[in-house]
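As you go down the protein sequences, you meet chains A and B in turn. According to UniProt numbering, the first sequence holds residues 1 to 488 in order. According to UniProt numbering, the second sequence holds residues 1 to 918 in order.
Treat the hints with care, since some could be wrong.
To be verified - As a list, the in silico DSSO-like pairs of lysine-lysine whose alpha-carbon atoms are at most 30 angstroms apart:
{"id": "1", "chain 1": "B", "residue 1": "Lys-369", "chain 2": "B", "residue 2": "Lys-401"}
{"id": "2", "chain 1": "B", "residue 1": "Lys-192", "chain 2": "A", "residue 2": "Lys-277"}
{"id": "3", "chain 1": "A", "residue 1": "Lys-460", "chain 2": "A", "residue 2": "Lys-445"}
{"id": "4", "chain 1": "A", "residue 1": "Lys-277", "chain 2": "B", "residue 2": "Lys-841"}
{"id": "5", "chain 1": "B", "residue 1": "Lys-790", "chain 2": "B", "residue 2": "Lys-507"}
{"id": "6", "chain 1": "A", "residue 1": "Lys-188", "chain 2": "A", "residue 2": "Lys-169"}
{"id": "7", "chain 1": "B", "residue 1": "Lys-134", "chain 2": "B", "residue 2": "Lys-507"}
{"id": "8", "chain 1": "B", "residue 1": "Lys-401", "chain 2": "B", "residue 2": "Lys-183"}
{"id": "9", "chain 1": "A", "residue 1": "Lys-180", "chain 2": "B", "residue 2": "Lys-391"}
{"id": "10", "chain 1": "A", "residue 1": "Lys-169", "chain 2": "A", "residue 2": "Lys-390"}
{"id": "11", "chain 1": "B", "residue 1": "Lys-178", "chain 2": "B", "residue 2": "Lys-225"}
{"id": "12", "chain 1": "B", "residue 1": "Lys-192", "chain 2": "B", "residue 2": "Lys-391"}
{"id": "13", "chain 1": "B", "residue 1": "Lys-224", "chain 2": "B", "residue 2": "Lys-178"}
{"id": "14", "chain 1": "B", "residue 1": "Lys-790", "chain 2": "B", "residue 2": "Lys-818"}
{"id": "15", "chain 1": "B", "residue 1": "Lys-765", "chain 2": "B", "residue 2": "Lys-790"}
{"id": "16", "chain 1": "A", "residue 1": "Lys-149", "chain 2": "B", "residue 2": "Lys-733"}
{"id": "17", "chain 1": "B", "residue 1": "Lys-192", "chain 2": "A", "residue 2": "Lys-390"}
{"id": "18", "chain 1": "A", "residue 1": "Lys-180", "chain 2": "B", "residue 2": "Lys-369"}
{"id": "19", "chain 1": "B", "residue 1": "Lys-246", "chain 2": "B", "residue 2": "Lys-225"}
{"id": "20", "chain 1": "B", "residue 1": "Lys-486", "chain 2": "B", "residue 2": "Lys-507"}
{"id": "21", "chain 1": "B", "residue 1": "Lys-841", "chain 2": "B", "residue 2": "Lys-818"}
{"id": "22", "chain 1": "B", "residue 1": "Lys-224", "chain 2": "A", "residue 2": "Lys-188"}
{"id": "23", "chain 1": "B", "residue 1": "Lys-428", "chain 2": "B", "residue 2": "Lys-391"}
{"id": "24", "chain 1": "B", "residue 1": "Lys-369", "chain 2": "A", "residue 2": "Lys-188"}
{"id": "25", "chain 1": "A", "residue 1": "Lys-460", "chain 2": "B", "residue 2": "Lys-507"}
{"id": "26", "chain 1": "A", "residue 1": "Lys-180", "chain 2": "A", "residue 2": "Lys-160"}
{"id": "27", "chain 1": "B", "residue 1": "Lys-369", "chain 2": "B", "residue 2": "Lys-134"}
Claimed, not checked - Chain B side only, calculated, beta carbon under 10 angstroms to chain A, not exhaustive:
{"id": "28", "residue": "Ser-148"}
{"id": "29", "residue": "Thr-194"}
{"id": "30", "residue": "Gln-234"}
{"id": "31", "residue": "Glu-256"}
{"id": "32", "residue": "Arg-300"}
{"id": "33", "residue": "Asn-312"}
{"id": "34", "residue": "Arg-313"}
{"id": "35", "residue": "Glu-316"}
{"id": "36", "residue": "Ile-317"}
{"id": "37", "residue": "Gln-321"}
{"id": "38", "residue": "Val-346"}
{"id": "39", "residue": "Asn-349"}
{"id": "40", "residue": "Asp-370"}
For the record, the hints were derived by calculation from the structure and aren't laboratory data. The structure displayed is predicted, hence computed values, not measured ones. Beta carbons are placed, not taken as given, at the ideal position from N, Cα and C, and that holds for glycine.
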Amino acid sequence: MRHATAATETMENNSFTVTDLYKICTHCERLSKKDSGVRIPRPLGNGPSRFIPEKEILQISKVDPRTQSIFEDAFAALGRLDNISLVMGFHPQYLESFLRTQHYLLQMDGPLSLHYRHYIGIMAAARHQCSYLVNLHVNDFLQVGGDPKWLNGLDGAPQKLQALGELNKILAHRPWLLTKAHIEHLLKAEEHSWSLAELIHAVVLLTHYHSLASFTFGCGITPEIHSDGGHTFRPPSVSQYWVCDIANDNGHGNDLEEKRGSHQVSGEVEVLMERMKLLQECRDEEEASQEEMATRFEREKTESMLVATAEDEECVPSRDVSRHFEDPSYGYKDFSRRGEHVPTFRVQDYSWEDHGYSLVNRLYPDVGQLLDEKFQMAYNLTYNTMAMHKDVDTSMLRRAIWNYIHCMFGIRYDDYDYGEINQLLDRSFKVYIKTMVCSPEKTTKRMYESFWRQFQHSEKVHVNLLLMEARMQAELLYALRAITRYMT
Amino acid sequence: MFDIDVHSLAVCLSHVVLGVSTSVCHSLLWSNLNQGPSVIITQDSGELGALSSPSCTSGKWRLRGPPLLFRAMEKMSRVTTALGSSAISGRTMFCHLDAPANAISVCRDATQVVVAGRNIFKIYGLEEEQFVEKLNLRVGRKPSLNFSCADVMWHQMEENLLATAATNGAVVTWNLGKPSRNKQDQLFTEHKRTVNKVCFHPTEVYMLLSGSQDGYMKCFDLRKKESVSTFSGQSESVRDVQFSMKDYFTFAASFENGNVQLWDIRRPDRYERMFTAHTGPVFCCDWHPDDRGWLATGGRDKMVKVWDMTTNRAKEIYCVQTIASVARVKWRPERKWHLATCSMMVDHNIYVWDVRRPFIPFATFEEHKDVTTGIVWRHQHDPYFLLSGSKDSTLYQHMFKDASRPVDRANPEGLCFGLFGDLAFAAKESLISGDANRKPYPGGDRRYPIFFFKKPDLTEQFAHVSSALSVFESSLESRRMDWFVKTARLYLLSGKPFAELCDHNAKVAKELNRPQVSTTWTMLRIMFSDPANLSTPGPNHIGKLGTLPLMNSFSMKEMGTESRLDRSKGESRQDNIHLEPGNSLINSNNDENEETEGSEGQAEYMFGDAELDDDDLYSMEHDNQAAEEQEYTLPQEAFPLRHEIMDNPSAPEHLQQDKADSPHASGNEAEVTCLTPIESFSLISISQPLFSPHLPVHFFCPVVREMLSHYAEQGDVQMAVSVLIVLGDRIRKEIDDLTQEHWYMSYIDLLQRFELWNVSNEVIKLSTCSAITCLNQTSTTLHVNCSNCKRPMSNRGWICDRCHQCASVCAVCHHVVKGLFVWCQGCSHGGHLEHVMNWLKSSSHCPAGCGHLWEPAFRESFAKLGERSIAVEDQHQDLGGTMEEHSLSPQKGQPPTPSNHSHQQAFQLSNQNCCVVY
């Protein structure tokens, strides 16, 4: 519980950042070393995110009493306050909904036993090599009495969970390939079969952790202090310390960076706003033909494939997370490549609000409601600001982002003009979205910084939330549709 | 409705008949049709009742009291044809569509139906035996998204006019009169998102209304190129819009956020009224075709609600709970209380509900293999034909007579045990009356008024199930559960050495006159104690024989009630009036409510021969007792002999035990368990000690296990659990976990029913089943309001976020109470349990100085609490830190009692390990 205590102190002592605390600790380190020979670990990362300066994150919780009380609740419920929550603290309304849902999924009544839930979380996170989430849930898994043997790999887990591997793989990377047959395979009455309710629970967990992995990478969440990669026993050398600090914009570099950014891309925001305004006005005049609309969707779809995702530059060191999943070569393949054609998923035929919700709520009561609230919260969240501008209607932009992600998964809205996406989302942003949604482990700090340079960190986190929820909904829609087809 | 002019009863008699339901006695109505030959109106009891309801101002029937004169006004000109002349005929049939349907609609004369979906837009002719494809409206090489229909509507005035709502936001009208292949007439692309619904005005030819995902409703004049007015719901997406059938200017709109709005078509600036109808989206709404004020709504929350809109605030008058989210709802023509629903997901059936009986569908159509997406009654005055389209690409015509009636398959029996062993049993009246031969009602069966000479169409009403409720009371002695309560209170389950616990419990049982139980405890002590302690004499000297309370003997006390649910009070009253008031027949119309109110003591008549039954039961019981007594005596002779031979210091004890147990010795399992050890020993080793000290303890385990199961089966789960706890590890392994859990659960349930929270908590705590112990960890949250600002305290239990005051300050020490807080309900002062207890030793006034004299009862309860409170503190510490924030919690399902409750109940140990102050 050492780390937990530290977190409490953070809350009560908001004038200190976590690093500050540990600085004091290092100060004491020598003393204690002399006394008892205990080695005190030192945090490696600076703050909860590699991308966002620590000060900015903690400032939020200092200013907003609501955030603070949510943090307190989260701490009371889990006995820890993870970095994800800290970063999400930028958007307390969402955070509240998020934590409530997660708490329900992991702790409250449900068809699956507790260690199964955490194990499924591990499976899902491992699919994206998200060592952060894997470590977090390995701890939880052991804490609720899970069998450590399972952690040696999927082979060590019960056959029932092994059967879930395939679903996990498909959902994570190519959900559109999910068919009734997959569901049938899991549900067929055998010894290791799943019940429908269990399956829904598992699907919700899988999608939750896939998308949470996206968020983790997208915001550059640093490992928790107590987990691997979160701390070191090496005494800090002065030079290293400073390098580290500068790299994270943690000190003086901040202003410089800011200035540089605004110089380079001044007017980026204005251009975007201008376009939004233009689109709003001319929408009624311009009457695109049906064919035109259809081709626009196709174009956006194909273009999204051309957006190169990978700049293999920074490889996240993983604590051998690969052993939790099979077939590591299976990754995101672009939705419709030449040769294999998958029919477009029409949201008007199977939507979350009408169909998905009912199915989930029927088989896993209350979760439909919680997810619904979370989706709505993410979709409708707005402060009517854009960078430094106030009173901006951002609904268009948010819808464009949401629909672009669904477009990458082959989900089409009949009533949306996909031409808007091209107008509103520039290339660097698309690269970021695509990477984050399809292969989040490849997200780099450079990508994070290169889009929307004038926007604030909280807005970028907001974008991340949108991406995460849109992705989760897309996966859920495919999974639930397959289940519905199985049921009928 | 039909145009009816009924002049008088005499006139009516010369014309046509209206059936009336049987057990729901209703008036008989006759009518003739103005322009046509005589025509039957309806037979449904409900419908008639409503027609004659005085509340129905626009109604067709008005009551003129005793010369029974009815007058129906001709209201609507649009109804021109009577069904009598152009009756629809057909059968249940279906046809395959090429693609899933999203919506269907019929033309006015019920001869054609249009089916629309993402990939289909066709018109089918309805013929006698089959559907015939008439027209494919989906033309062109590459059909655009304008053809992808979310909804379709056929104009009810103009038979060539259709409107569709497209998923891409377009509203399209179609003119079938066009000579070209493409019948598209007008195209409105004003909506930005998917249009969910289009609706023509029922009487205006050119008025079309649309509701869209973008939150707007638009009214179009088909003679113009664009919308005439736009209505902004100011909330979320519009799911349904419906013009009122009666109010020319009114329409209703339902929204995704659960609201329903009423608009005046002339006032686009704001809605007339708005109310929240459902949690989650309201998918559909439908105005009652006859009743101006009724609106049915269906939502994702699986409910159908009927709202009375005539009052100032929309009033929910009926609510039907379905099993899946409700996608469409349509009132059944000519049936005031019937409506059809289909669901959005999972459930493929179409249900027709009688809203007055919301628990079971009136009729079900089960043909579809995938969700039904559109339902429509074929003719607006014909209740027998229902058309439906589905995602499974079929179009069905359902005949009402082919519907399945779930009520026929329902099981109208119910059985329930009361706390004191009473048994209530409800069953179909026919079943009971058949057996019991009960007396008929004086004056004939009044439920069937004599002047009905036409049998109603039985298929058109709810199956009448009148059920009789019998309550069997357990006999006086066995009814008393004092022994249970006392035993539960007095037993010691832990905290002392094993032998002492057994002795104590044996003593308790003995004092309560339960020798068998007492002996069992003593024996357990002997079996499982250290052999060295054996010689200590047990305290049990059983004076007289007792019997276990018999749970299964009942004396029958009948409480007859009839439930006839398919009438409302109102209509039956109505009937009273316009039939002959004062006639005894009328009384039978009163429904059950009135009966229980005392207007009619029906119960007295129903079970005329109750005494007879009683006697039967009693005599049977006597027989049993006699038999038992016989068994009693036999072993008493048999056993002592054996034991007298034994040269054992503890022999007398066993002798007595044998005596006590002997009543059941005749082959009953229990006796075996109790006696086996002794018996076997006495046979094997006559001159030796009863058992050698070397005998391993687990030697007895099988016997004890059987004994426990016996007790449990006999209904004395208390004994089973108590022994289980006291023996602990000695026996635990012998009994499988599920059984243990089952016993624990039963016992805890019983304890809680008797409000023995302390004991039940102790049991939970002492149990070793993980499933039981975790009961202590659940629902440990108590929501408290700040005593200063009366707002809920969200974060901590003791300091208020809003007014920054400590909510619960101890009146004695003036510190914040973070754990157990007790207070007087008279003056609401209180404090730390310990402090208050100490205070009460010296003073009887409130320590806060408010001058309130604390009630004697309050003080007494402290005295009683004395011992317990130590346990409280202990448990409190068990829970540790979490206690302070969360665990002040009331008993599950036990809302804090209002202060008028006696103070003696003020202190309860809930099963969540803390003292709850009510």
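Task: chain A contact restraint for Glu-256 (chain B) - C-beta distance below 10 angstroms - done: Because about 7 angstroms separates Glu-256 (chain B) from the closest Cβ in chain A, which is inside the 10 angstroms limit, the hint holds.
Open item on the list: Less than 10 angstroms between beta-carbons is the criterion; does Asn-349 (chain B) satisfy it with respect to chain A?
Closed with: violated, 13 angstroms
Open item on the list: For a C-alpha distance cap of 30 angstroms, please report whether Lys-192 (chain B) and Lys-391 (chain B) respect it.
Closed with: holds, 26 angstroms
Task: Hint consistency between Lys-192 (chain B) and Lys-390 (chain A) [alpha-carbon to alpha-carbon, up to 30 angstroms] - done: Within the cut-off at roughly 25 angstroms; holds.
Task: Minimum beta-carbon distance criterion (10 angstroms), Arg-300 (chain B) to chain A - done: holds, 6 angstroms
Task: Restraint check for Lys-369 (chain B) with Lys-401 (chain B), where alpha carbons must lie at most 30 angstroms apart - done: Measuring from Cα to Cα gives roughly 20 angstroms; hence the hint holds.
Task: chain A contact restraint on Asn-312 (chain B) - CB to CB distance below 10 angstroms - done: The hint is violated - Asn-312 (chain B) has no Cβ within 10 angstroms of chain A, the shortest such distance being about 31 angstroms.
- [ ] Sort out whether Lys-178 (chain B) lies within 30 angstroms of Lys-224 (chain B), counting only the CA atoms.
- [x] holds, 18 angstroms
Open item on the list: Can you verify the interface hint for Ser-148 (chain B): is its Cβ closer than 10 angstroms to any Cβ in chain A?
Closed with: For Ser-148 (chain B), the interface hint holds, since the closest Cβ of chain A sits about 6 angstroms away, which is under 10 angstroms.
- [ ] Identify whether the interface hint at Gln-234 (chain B) stands, where standing means a beta carbon of chain A within less than 10 angstroms of its own.
- [x] For Gln-234 (chain B), the interface hint is violated, since the closest Cβ of chain A sits about 15 angstroms away, which is over 10 angstroms.
TODO: Please verify that hint: Asp-370 (chain B), Cβ, nearest Cβ of chain A, below 10 angstroms or not.
DONE: This hint holds: Asp-370 (chain B) lies near chain A, its Cβ roughly 5 angstroms from the closest one there, short of 10 angstroms.
Open item on the list: Check whether the Cα positions of Lys-134 (chain B) and Lys-507 (chain B) lie no farther apart than 30 angstroms.
Closed with: Distance of about 91 angstroms is beyond 30 angstroms: violated.
Of the numbered hints stated above, those contradicted by the structure are hints 4, 5, 7, 8, 10, 15, 22, 23, 25, 30, 33, 34, 35, 36, 37 and 39, listed in ascending order.
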